[in-house]
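Asks: Construct all of the structure, not just a fragment, from the sequences and the given hints.
Number of protein chains: 2
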Amino acid sequence: MTNPTAAMIVIGDEILSGRTRDSNMHHLAGQLTEAGIDLKEVRVVGDERGTIIAAVQALATVYDYVFTSGGIGPTHDDITADCIAAAFDVGIDVRADAKAVLAEHYAKSATDLNDARLRMARIPDGATLIDNPVSAAPGFLLRNVHVMAGVPAVFEAMVASVLPTLTGGAPLISKTMRIERGEGDIAGPLGVLAKEYPLLSMGSYPFQKDGKYGAHIVIRGNDADEIDAALGKLAVAFP
Amino acid sequence: MTNPTAAMIVIGDEILSGRTRDSNMHHLAGQLTEAGIDLKEVRVVGDERGTIIAAVQALATVYDYVFTSGGIGPTHDDITADCIAAAFDVGIDVRADAKAVLAEHYAKSATDLNDARLRMARIPDGATLIDNPVSAAPGFLLRNVHVMAGVPAVFEAMVASVLPTLTGGAPLISKTMRIERGEGDIAGPLGVLAKEYPLLSMGSYPFQKDGKYGAHIVIRGNDADEIDAALGKLAVAFP
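Those sequence lines, one after another, are chains A and B.
Each residue of the first sequence is one higher than the one before, counting from 10 in the working numbering.
Each residue of the second sequence is one higher than the one before, counting from 10 in the working numbering.
Watch out, some of these pointers could steer you wrong.
Identical chains blur together in the list; that is why a pair holds if it fits in one copy or across any two.
Pairs of lysine to aspartate or glutamate, EDC-like flavour, derived with a Cα cap of 20 Å [said to hold, decoys possible]:
(1) Lys218 / Glu189
(2) Lys184 / Glu205
(3) Lys108 / Asp124
By construction, these hints were calculated from the structure, which means they are not laboratory data.
Replies: See below:
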């Protein structure tokens with residue numbers, strides 16, 4: 010049985026301009042791996058309607074789950090919700106349940122629920138709300154696309170809300186061996202080993218630090234015994 | 010005159026599994042912005058031949074420049090060079106000039122230039138080498154695709170080699186105003202301002218820190234005077 014697959018779309022000009030360093034991709038990648046869901050592709054796109062719609066349509070048909078981050082705030086450049094509606098050709102409007110969540114949140118601080126804030130209650134027809142315990146404004150799930158905030162604290166809280174609702178597979182097991190030899194010396198035996206264990210994935214990540222060099226060899230798979238057996242052979246080759 | 014456009018492909022299972030946090034995207038984004046080249050899209054893909062080829066073909070036809078990072082080392086999972094050759098339907102083999110660079114480098118440390126290391130001299134037909142001052146093994150440019158290493162120190166050195174060869178546009182100027190008001194209060198006036206200055210891009214990035222909250226408003230464009238004028242109006246609206 011193969012694991013379910015996933016893709017992510019990171020939305021925001023600030024990532025592509027280098028102003029902001031994205032952290033949501035790395036967070037989601039780790040969480041999905043633990044849940045046994047294989048993240049296969051990430052696209053980072055700007056706040057451009059056509060590009061966002063094309064990415065949603067391309068990825069939602071190929072992968073089991075799609076996750077987006079960014080573009081669901083109150084300002085004019087927050088266009089993600091409208092793009093998702095357009096990608097699936099459904100309507101979008103302020104929805105009563107989302108408005109109620111915002112109204113309750115802003116009443117606490119006697120803050121006006123003005124037109125800009127109300128934009129955050131615009132939800133595509135047929136979507137399910139995703140809880141935002143940090144700042145109230147909800148994300149949503151439409152078909153297989155989970156639409157979440159870009160602010161890392163909010164994104165991470167939404168991921169925590171969503172994860173228990175997903176059907177995961179076997180968690181990927183990953184073990185690492187540090188070998189203080191040039192990667193070019195490791196490559197030959199590692200390639201032979203990779204052919205011998207076609208169900209395991211083997212990666213080599215070179216390092217150079219404090220005058221020492223070598224590579225971390227990472228072996229990943231679903232079967233711990235098989236990983237241990239492969240690591241054992243590697244240890245014999247590089248004692 | 011519009012700026013040249015660019016896309017990036019980050020290649021590596023280790024990014025998608027959450028093992029490694031990519032830093033090359035953020036580095037390249039900042040460097041391109043300074044050079045007046047608009048990074049429009051980034052794709053992160055695994056070490057899978059079909060996915061890499063599809064990404065290269067899709068992006069190389071749409072954007073002026075494409076940059077890849079990862080997958081050009083000596084191990085069996087380093088398949089980027091072969092994928093680039095396949096994407097453009099050209100041959101690939103060990104090339105004399107690349108082999109000479111490696112031979113000279115490894116001779117210094119009396120290291121054997123074995124078959125695995127020789128893989129790093131496999132260069133697609135018609136490509137130009139990209140200098141690697143850190144660890145010798147070269148990157149290459151084929152058509153509009155710059156193929157570079159995944160190790161950040163090497164990637165950054167290759168970017169530095171490549172940048173002077175690119176035709177840039179007007180560097181994007183970016184100015185930021187910090188406003189200690191709820192983003193929902195800023196959104197209305199900011200939306201009006203964005204319509205008034207269609208050539209400027211305006212983004213709102215909320216913060217919450219040490220009991221204070223508000224948003225950083227970032228205005229980007231090529232004309233400093235226009236940016237200053239817009240910021241002046243924003244300062245009047247939010248004194």
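Asks: All hints are to be evaluated individually against the structure, with a verdict given for each.
Replies: Hints versus structure:
For the identical chains of this complex, lysine 218 and glutamate 189 are intra-copy neighbours only, at 11 Å inside a copy versus 43 Å across copies, given an alpha-carbon limit of 20 Å. With identical chains, the CA atoms of lysine 184 and glutamate 205 are at most 20 Å apart within one copy only, with a shortest distance of 17 Å there and 56 Å across copies. Only within a single protomer do lysine 108 and aspartate 124 lie at most 20 Å apart by alpha-carbon distance; the minimum there is 11 Å, versus 64 Å between protomers.
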